[in-house]
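Residue numbers (the numbering used here), protein chains in the order written: chain A, 1 to 390; chain B, 1 to 228.
Hints were generated in silico from the structure; no laboratory data involved. Possibly wrong hints are sitting among the right ones.
Claimed, not checked - Derived Cβ-Cβ restraints for the label pairs, each shown as a range: (1) Ala-71(B) - Phe-256(A): 44 to 50 Å; (2) Gln-12(B) - Trp-357(A): 48 to 54 Å; (3) Lys-21(A) - Glu-120(B): 28 to 34 Å; (4) Lys-21(A) - Asp-175(B): 33 to 39 Å; (5) Leu-70(B) - Val-319(A): 56 to 62 Å; (6) Arg-380(A) - Leu-79(B): 17 to 23 Å; (7) Leu-65(B) - Thr-37(A): 53 to 59 Å; (8) Arg-128(B) - Leu-15(A): 23 to 29 Å.
Unchecked claim - Chain B side only, calculated, beta carbon under 7 Å to chain A, not exhaustive: (9) Phe-87; (10) Tyr-97; (11) Pro-107.
Even glycine gets a Cβ: it sits at the ideal position worked out from N, Cα and C.
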Amino acid sequence: MKLGAIGFWIRIAGLFLLRSKRTTAVLSLMVLLSVATLIFLSSMAVGVNDAMVRNSVSLYSGHVSGFELAMDLEPASLMSEGVVAVVKRVESQGLLQQNDRFERITLVASDPAEEVRSTALWRKIVAGRYPQAGKAEILVSRYLAERLQLSPGDQVRFRHNMDSPPVILVVAGVYRTGVEKLDRSLAFSPLEIIPDTTTGWSAAIFLQDGVEPESVVSQYRGHLSESGNFRTWRELMPDLRQLIDLNYVSMSIVMFIVFGLVALGVSSAFVIFILKNLREYGIVKAMGVTPLEICFLIAAEVGMMIFVAACCGVALGAVVTYLVGITGIDLTAFTSHNRYFAVSGVVIPRLTVYSLWAPPMIAFCFGLAAPIWPAVLVVRSRTADILRGI
Amino acid sequence: MVRVQGVSKTYQSGRRQVDALCNVGCTVEQGSALAVVGKSGSGKTTLLNCIGGLERPDRGRVDCLEQDILALSRRSLSLFQRQHLGFVFQFGNLLSYLTVYENVGFPLALNGVARKESDERVLGLLERVGLRDSQHALPGELSGGEVQRVSFVRAVAHRPQILLADEPTASLDSDTARDLIQLMLEVMQEQASSLIVSTHDPVVIDLADNILHLRDGRMVEEENYSSL
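Pulled out of the complex, with its shape left as it was, chain B reads as follows (with noise of 0.2 Å):
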């Protein structure tokens, strides 16, 4: 479960202070699902930071399968990072020098997965995505919509209780952005995993459990969800 308590982030932007997030709050429940919405710089990137622990806020508390993670230090948190939670970036972000195989096998190394299991876990991951025959293929002689496959594959591969996606769909195209998110949600279902996604795709927030509207950094009353 995940439990966010009136978290609020303040960016200095030249001589201005920029509120990215203002009192936000929200509960996602194991195996649930949440969308983030809101437009560009509405503050949906900066909950999911917040959240994962790449932000530190200014206020307010998040607790992570009943953990504060303020209150971990760096090297606690790197750990928690590593064990249980699964990041999936806007581009991808796969580590350009590591083939298909290797980007997804990383996080199992990372958290001491046996050879034998890491392999068997990476190939029947890439063939659920129908990218086996790529696992030797560079992230740069992959497409877009491959990339984000291999994204979403790395970061459940160490199958971690939480998912934060920001914005997974935004640069592909409607059929291949359904296909990744019924895929992400089999998976999360499959593992019981909870899910945070920031994103402005209909298809994403019609599958989500719970949506959580944000605008200027502000949680929206619960009167204006029919507005999306």
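Just chain A, with the same shape it has in the complex (with noise of 0.2 Å):
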């Protein structure tokens, strides 16, 4: 077919599709809510990925985690683009005593208000307060104040070991997270309280929306290959990875088996709706009219009316999600007691380069695949048999 041929296709196409105004309608809203629908939920899965690693990496770890940092680097200098905050952490292993009662720990000491700021361990806090800047005071986990008796406004001793003076603290508040790995061991205090042991320091790094933690530990390790260790959320949490992978697998068959009961429904919607217009193939055929031209049009008004369908789909689905995303959608009630839901159940929608087009382009595949059996049927049906049916 010459290049003035197709263009001579594609309107009649046009016009078939335009003046057979409530099947094109029906079938494009069909294909036009499929791909909305898939777009908006496969934001929302998108937007519970995202979910699960802030609320992962917002409670402690950060999305890069910084350890055996030199004393001398400071958070400033982690400061690169799409860094939002450095928290400074030194940490430090000792006996936490409470009359007779020791119970090892990792104290954790940090400018208490970049932890406020930066991480959401205080909105885990039970009881009492988070620390405060240059007081000697301590945040223990319950199942330290369990184990200790403690309670806030408590005093407790922390040592280095047997043999090093100890500190006296008071407790400020008790916290839990419903990680188990935090909830054991654990106690938070202001930097500067406990005398410095340690040789270096570690840093939880935290991300604007959507910076891979890889391009920034490439670039740290760019600037400061004599400093450090840096390692992403993805190395540290290998169970979340996993679980985001899984729904995105997840996410891809559902998209799949969604749009292969639409392709079916689509060519057998055309197959009813070409039988019902046979005649008119049979005229076209009649007049001489190719079959790869016949084939051509068939595909060239599916195609059409898909690609339209499909446009309108991706702006409805992307205006959906957007207005969604304003507030999020709030499913505490079915994540409170999910450990990748610690700090908060509210889900807010997010759209990706995959999310976006993913279901358009799956709808297309499987539209180019649809017309084909309908194609078949009209190029092998001889047209005087056609023509006799009328």
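Both chains are sitting in their own frames, so use the hints and assemble them into the complex.
Structure, rendered in structure tokens:
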């Protein structure tokens, strides 16, 4: 077929769609709603993944964790592009003593203001409050509080070992996150309260939405090759990474199943539509339209309809996602006992290239397959048989 | 010229076989009109379909313009049909989603006729059949006679050398039928085209150059023509 002929058949297909108003509208609506729904669902899946990452990293670790950083390295030097906050932490191993009870703990010393601003640990305090800067205070887990029979206001002693002098601290608060690793033997205090015995510090690095932690880590590795060791949340939380990958796979399978069904529906609807209008295809065959041109005409009719419907579906899906994203959807009732939603159950759907393009692309690919059956039916039917059936 | 030689066609109807055409032959010179007459079920439409390549006979040979159309591939046959043949069907059979103008312009576009030339041709033909004002109407908005006139101008728009008309006046009143047939013959004479028309209509039979009488798929002997 020549280029001019292709334009002619596309015009004929367009007229066919425009003037077959009700059928076009019903079929288009089916595709439009499928694309819009899948865009919203996939953006919800992305939102759920975001929420799990946000919840998991905001409690303590940040998107990127730095270890064994040189004491002369300033947190400000880690504030590269895409980094929102860097929390400096100095960890000390030691013993926490209350009367004759001892527990081995890891005491994390940090700037309370920075910790409260950047992490959500303060939201998990079940008694008392977060320690204040400059005060000899400590925040302990509920596990430690129960083991040592502590409550806010009690005094405890911290020492690095049995021979070192104790530091007296007042229990400011008790927390419980639901994450076992944090809820065991971790305690928090302000910086410079505990005598420093370590040779390095740790960093919890928080990133803007959409910034890939791997890119930040590679920047650090380029600039700070001599100092420290950086790991992303994906490396530190392989279980969460797998869960997110599983979510994407599940979503992709759902998309293929939905569009398989939609394509089958579109194909069947087109077969019915073509059978209803078979006479018209018989007439064009009698006028000398070649099998290739008939196939192209049918493919153009289906393709144009799906293209336009899918574009409208993308717009509708994007608008719905945007509107829902303003407030998010609070799923706390379904997530309150889930450690990946320890801070908040609010899911904010987010559009990604994948969620925006996968549904219409799948719709279009399946749509191209949809007219094969009707086209073969028309081409293989003999013109006289079609016209005799009038 | 159209030459049909020993054409036979059998259909399977349930368990029995029906001889739609049995050893039928005829010749239509260029510029002449042949009326194919006979009762309903006598094989008129099957013969026209075989001549136009819409149906493949079981036996025999069909030459249109010195071309054995049974030897053509599916694509070549389609190209031959679009260039050299025009069909007028009993019930018009316009494309319902195209306007009158677009229906008539369809075969011209298929044959790659330039837009300006196509416009002139379409509007000229519609003027001639008194339907220029209805050029933007869809087929559903036309009367039966108007549909048949549009169907005719669509069939001749690309100046085919052979026009096949299957009972074109069957659904029309006698005045409209006479007008349409006269117009058909006029246009065919202007274009020096051959016309093969199946009909029961005595008006059409009177105006045709030759008559082929079919009964149960077989040609009726010449001496019986007077009985028509």
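Results of checking the hints against the structure:
1. Ala-71(B) - Phe-256(A): 44 to 50 Å: holds (47 Å)
2. Gln-12(B) - Trp-357(A): 48 to 54 Å: Holds, at about 52 Å.
3. Lys-21(A) - Glu-120(B): 28 to 34 Å: holds (32 Å)
4. Lys-21(A) - Asp-175(B): 33 to 39 Å: The hint (33 to 39 Å, Cβ to Cβ) holds, given that Lys-21(A) and Asp-175(B) are roughly 36 Å apart.
5. Leu-70(B) - Val-319(A): 56 to 62 Å: Once the Cβ atoms are compared, 59 Å apart, the range 56 to 62 Å for Val-319(A) and Leu-70(B) holds.
6. Arg-380(A) - Leu-79(B): 17 to 23 Å: holds (19 Å)
7. Leu-65(B) - Thr-37(A): 53 to 59 Å: holds (57 Å)
8. Arg-128(B) - Leu-15(A): 23 to 29 Å: Because 25 Å falls inside the window, the suggested range holds.
9. Phe-87: With Cβ-Cβ at 5 Å, under 7 Å, it holds.
10. Tyr-97: holds (4 Å)
11. Pro-107: Hint holds; Pro-107(B) Cβ to chain A Cβ min 6 Å, cut 7 Å.
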